[in-house]
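Assemble the complex: chain A is given as a structure, and chain B must be docked to it using the hints.
There are 2 protein chains.
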Amino acid sequence: MAEPKALRCVTCGREFPPWSVDYFCPRCGFPAGNLEVLYDRDKPLRRFPDPARFSLWRYGELLPVGEEHAVRLRAGGTPLYPWAQAAEELGLGALWIKDDTLQPTASCKDRGTAVTVAVAKRLGRKALACASTGNAASSLAGFCAAGGVPCYIFVPKNAPAPKIAQLVAFGAFVFRVDGNYDQAFALALAASQEFGWYNRSDGLNPMVVEGNKTVAFEIWEELGDVPEAVVVAVGDGAVIAGVCKGFLELREAGLAPRVPKVFGVQAAGAAAVAHAFARFQRGAPILPAEEPAETLADSIRVGKPADVVKAVKYVAETGGGYVTVSDPELLSAARELARRAGVFAEPSGAAPYAALLRLVREGALGQKDRVVLIITGSGLKDPQGVTRDLPEPPLIRPDLRAVREAVERCA
Amino acid sequence: MAEPKALRCVTCGREFPPWSVDYFCPRCGFPAGNLEVLYDRDKPLRRFPDPARFSLWRYGELLPVGEEHAVRLRAGGTPLYPWAQAAEELGLGALWIKDDTLQPTASCKDRGTAVTVAVAKRLGRKALACASTGNAASSLAGFCAAGGVPCYIFVPKNAPAPKIAQLVAFGAFVFRVDGNYDQAFALALAASQEFGWYNRSDGLNPMVVEGNKTVAFEIWEELGDVPEAVVVAVGDGAVIAGVCKGFLELREAGLAPRVPKVFGVQAAGAAAVAHAFARFQRGAPILPAEEPAETLADSIRVGKPADVVKAVKYVAETGGGYVTVSDPELLSAARELARRAGVFAEPSGAAPYAALLRLVREGALGQKDRVVLIITGSGLKDPQGVTRDLPEPPLIRPDLRAVREAVERCA
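Residue numbers (the numbering used here), protein chains in the order written: chain A, 1 to 411; chain B, 412 to 822.
Next comes chain A alone, as it looks inside the complex (with noise of 0.2 Å):
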């Protein structure tokens, strides 16, 4: 396990000592003062990954917490498809999907989640917090439960029946809060800061990138090299942000030769982090970010990111960049992603499926290129949202000729 060396502010760059400051720099406030976490370069790491480890704690060596302080769910060490049959469709030289619903609150969210309650657990923090409808906030839910941590969630008003019910099964204490999202997180911090609670909130904590970044250790270790590019769905930043971090540190250690081209993708309708990427690229500033945000996508329908910064700059520095989608070319894509390859994603997660469809179409992949679609949430958390307005199953009579009859209706 690395201590980390240093908390950087991604704007001023002025450096902190590791625990100095929980969320960000006090001179450049939120979110432009969002702190990256930074280790001691000279260090040789001599177990990374070490074999005896199967979750995420592998890559404890780039990791700011040892496992002796994680709860007992195990993040990380999800499965990568290859997709033959796609890749071959699309003209691409080799393409996967890394499903990174398969964790214990079946969201990505777990990684950034497992990393930050060992974080609290070290530095003593007796109780967890944060702002999400979605997945965050069940994944933390979940690792508190396992932690034994007292956990609080503030949920927008308008935040639906079954996401809360995965909260409140967890026991978490749960704010039904009378605003918007951006008034449930601005509580969640203001409460934090009062009570003393340790803050998930993706974007705020600097820890929930660390444990995003292991996505690209896993990917890295699993294919023993880089791929070409790398495609994932952005709703605050943070994940992208991650999978950035995790190719820009094994470049940086000397692992791997060069990084991929990073992609994020976003719905057209929610497409702040894209937009302030497209500035950022014509020599502007990248905050203020706030738009209005609209999408079926809810797990990306967001519209003042909070990680735009560190989502912005570092997709710059590995070459990649943004896509929008529509929502009818996002419900496709998870249509498509179950239906071929057995992956049954939320609309968000499936995303890097409909922008990758894009970015092949626009020249801008092909065939030299080995290309990795990260899926992040899961549809079984909304079954009915992907399929909403398919034709329902035929009912038939128990029998053999009405079992032909429907079979050759549809053949």
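These aren't lab readings, by the way, just hints derived from the structure by calculation.
These figures come from a predicted structure and were not determined experimentally.
Any given hint could be a false lead.
[Claimed, not checked] Derived contacts from chain B toward chain A, CB cut-off under 8 Å, selection only:
#1 LYS454
#2 ARG750
#3 LEU811
Beta carbons: idealized from backbone N, C-alpha and C, even for Gly.
Then chain B, alone, in the frame of chain A:
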């Protein structure tokens, strides 16, 4: 990979060459004539487990088919979590949770499906089928999607919409049968024989148990030993048959000196296997086993268990037994497992924890016993099922005073 030596009828003991018959002994019929897969005992195991594979295919030498026929989804390799606090409270030697929901389609059924679909590929069968409303159906639909194999699912008319949505998403051909589950099962079997579909229904197809048994291999491998007791929920009996067969094969192969007592749990209102076991212990025949089935735990709501013969005989061979628990005990177990262990199970999945509390109370398990609870199905498929009568979280104004009041009210 070991080619099976023979298929043997569990009732008359007659043996058949491998692959010469699909489902049951023609003399004894179904379900008396269920088949078990036998391996060559004289052939030493050379790579068991095979360290180069992570999924259940690492146990290929005791599987009927090789990984070269498998489809891309990764079944097996689920985590085993120690739960020291509960072990101490209950006065057990040790306690683990085997979270077998962390599979591609979120249930233990993926083990049986992985092997059955690979067998279908090896045998050149062009399509698969099964009857189920639940986990087995979504598992088969997912693996068939991944394998590019058509898949026909028969569900009773009243099957819940979210479960059908998942099947439709995977592109399965779903027949809603105007009748009950037994009629759907019979129609699936008749249609499979008529159209040449390979039928994966639990209890019918002996290959399902071959996949299911790998959970025992994983427990043995991870502990480096076998525990004193293993507890698992029972519906049709195919899962517990697999658990027992796995441990019995380990002993037979000289890899473990003994087998754990395997305990099956059923809902008090759907206890056909438990009752058949009690009859068998008194010297009566196992069949016929058919009863009304009423419980909120839909995944074990089975009145006519298809694998009852194995589920009774094998459990007796391990020295274990059956426990029945009430619906309130199931619900409370699911909540406690989520809240205290961070593992979100459906009520049937949490049944082993409910049973454990009984077994400890009745003195059947105690200080000398190391126990594993196998959690078979995820709470994610119906989150509101677990929390149905819990109070709704408080709605608060977006200010700190409201947070403080809510926390103090619930302290």
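Verification of the hints:
1. LYS454: violated (30 Å)
2. ARG750: Holds. Min distance 4 Å.
3. LEU811: Holds, because the Cβ-Cβ distance from LEU811(B) to chain A comes to roughly 6 Å (cut-off 8 Å).
When each numbered hint is compared with the structure, a violation occurs for hint 1 only.
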